[in-house]
Amino acid sequence: MQELHNKIKSILENGSASLFIAYQKSREGKITPTFITKPEQSQKAYFGDDCKQNLAVYIHKQEVKNFGKVGIFANIYTLKSLLQIYAENQIRDDYLKVVTINPNGAIVEFANFMEIENYVNENKPAPNPEDMERVEKLSNLSREERWDYWLNELSTCIKCYACRAACPMCYCTKCTVDCNQPQWISTPSHSLGNIEWHIMRAMHLAGRCVECNECARVCPMDIPLNLLTVKLNDTANIEFGQQAGLKGELDYALSTFKVDDKENFIR
Amino acid sequence: MNYKTLNTNKLPEFFEKIKKTGKTVLAPRKKGNKTFFATFDSFDQINFDYVQTALSPKSVLFPRVEELFTYKNDDGTYSVKEPELKNEVVVFGMRPCDGVALDYLCDFFLNENPDKLLQDRKNNTTFISLACKSFDNDCFCTSVGSSPAETLGSDLCFTDMGNGSYYVEVVTDKGQKLVDAFPDLFADTKEINKVEQLAQVPVRFELKNLVPKIPTVFETNIWLDQSLACIGCGACAYVCPTCSCFDVQDECNPKAGTRLRCWDSCAFGQFTLHASGHNPREVQSNRWRNRVMHKFNYSVQNMNTISCVGCGRCIRVCPAGMSIIEHLISVEEA
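Sequences listed follow chains A and B, in order.
The first sequence runs contiguously to residue 270 in the numbering used here.
The second sequence runs contiguously to residue 1010 in the numbering used here.
None of these hints come from the bench; they were simulated from the model.
Errors might be hidden in some of the hints.
What the hints assert, rightly or not - Computed list of chain B residues with no C-beta within reach of chain A, every gap over 10 Å: (1) L682; (2) I722; (3) N799; (4) A911; (5) A996.
Claimed, not checked - Here are the simulated DMTMM-like cross-link-like pairs (lysine to aspartate or glutamate), alpha carbons at most 20 Å apart as the crow flies: (6) K706(B) x D225(A); (7) K127(A) x D225(A); (8) K710(B) x E156(A); (9) K706(B) x E156(A).
C-beta atoms are modelled at their ideal positions from N, C-alpha and C, and glycine is treated no differently.
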């Protein structure tokens, strides 16, 4: 931990960031993000297996951007998110100072996104076996059974949009559900509105989801939303050979047009 | 107030008998690691091992989406239909803090311009609270003027006396009616000191210092410091038993339509966004300040009471680990 504190301290002191985002244990004993602006506060930073939140979500926040250059302590999913966000042209290389702890417990500071790309490819997190099993189980159901499963799960959604808010890849300044002229998606949290919302969200994340599972972790209703995007990622990988959060250059099936596309309808 | 006892092993029979009268019974049921109010087929589906339910019972009176009316246009002849709420409900197992919250919610919706739907739902529902034997770090009812012994807002309040019986406080006429319907289940008793049986929730801050202090820090950086972690979801508002903001949505075509009332949250960027594009609460810290000010200042001004009951749900649900207890203590110390 001391090494991490020293690193944050030096980053703030040498001016490569004016705000450093890390985890802390709060007074109430919660793991929360902490926003360190003074070098002497660096010892607030904490890291352990209980640090689950994907901190990449904060780089989109206006009040964080107001600080100027930002340093961030990133776990492997935050790194993947940052790389994907970079690939999607949402951050500049010189805006962020990214720090992680490697599997040997050493602090790593990245000079640029190329280094992050190399690091995440060397340290790819294994898929969660429990999730894989659940996806497999759902895939083996008939279409009707699967529909019933999701209808049942999604009908409990209260539309608090915690899934959207916690997701670093949900960074649109105006989400489709917030458009009301015209209104594309039914706002109320009745079954139809819920299904429309979650299908739309899943489709927008197909092949972009870094599988940090924040959407499922934060859901007040315990809906396993991550299974939708995990499955769609799988499909994007099989069909187009794409995996999110592993490349600093955008190569995204759902926004790419190729004249030699194997499908006829697109020509 | 009348006092009764009920053998704990008679509880299944109590529920069965209520169901036979055509009422719906909602009780705590486990889904994953969380507990929600839900209907049940058999008694063993009920979960008694919970500190607090994930969602409050407010949705029984104020559903997350509800129909206000439907209309039809039959070639120029318009007709409007309001819903008729007939379903009678008994809610079992809410905590005493939820009763306090329901009392506030009813005050909010029924006082000045009574809301007919909420009034109907209230008339049709009997709320039975189950006094707390345990608490967790996020419980703070005793800091906001309540306690596990509170009966306000409950129709009946059950306390497990640890001797195979529930001590039943009959708080309202509605509660009395339910007890009277099953005279063979309930026995008369005198007022008992139940406090020993209940959780001893520590006081975390001094409300009488806090309430006058909050408006004095309105223009400080404290809100930004507290809310940089806020990701702007509506989870805290939606699990909150007193949050009452709603959004009205019309779903219609030229032939027919429905007007719906849906939960809304002050954490959302669109909340109070004006048609001009101007938003008086432009950034998250402004919205967070509104949430805290509403609970501890605006509702004191408007309704003569704070509107936080210390249930701790917002703390347990927050994706970023924010704690209102911590924030109120930091205001107190500011």
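Verification of the supplied hints:
Against chain A, the non-interface label of L682(B) holds: every CB pair exceeds 10 Å, the least being about 32 Å. For I722(B), the shortest C-beta to C-beta distance to chain A comes to about 18 Å, beyond the 10 Å cut-off, and the non-interface label holds. Every Cβ of chain A is farther than 10 Å from the Cβ of N799(B); the closest lies at roughly 25 Å, confirming the non-interface assignment. A911(B), annotated as away from the interface, has a beta carbon of chain A within 10 Å; the closest lies near 4 Å.
At roughly 6 Å from the closest C-beta of chain A, the C-beta of A996(B) falls inside 10 Å, breaking its exclusion from the interface. Simply put, K706(B) and D225(A) have alpha-carbon atoms about 11 Å apart, close enough for the 20 Å limit, and the pair holds. A threshold of 20 Å between alpha carbons decides the hint, and for K127(A) with D225(A) the separation of about 26 Å lies outside it, so the pair is violated. With a CA separation close to 14 Å, the supplied pair K710(B) and E156(A) stays within the 20 Å bound.
Taking the CA atoms of K706(B) and E156(A), the gap is near 14 Å; set against the 20 Å cutoff, the hint holds.
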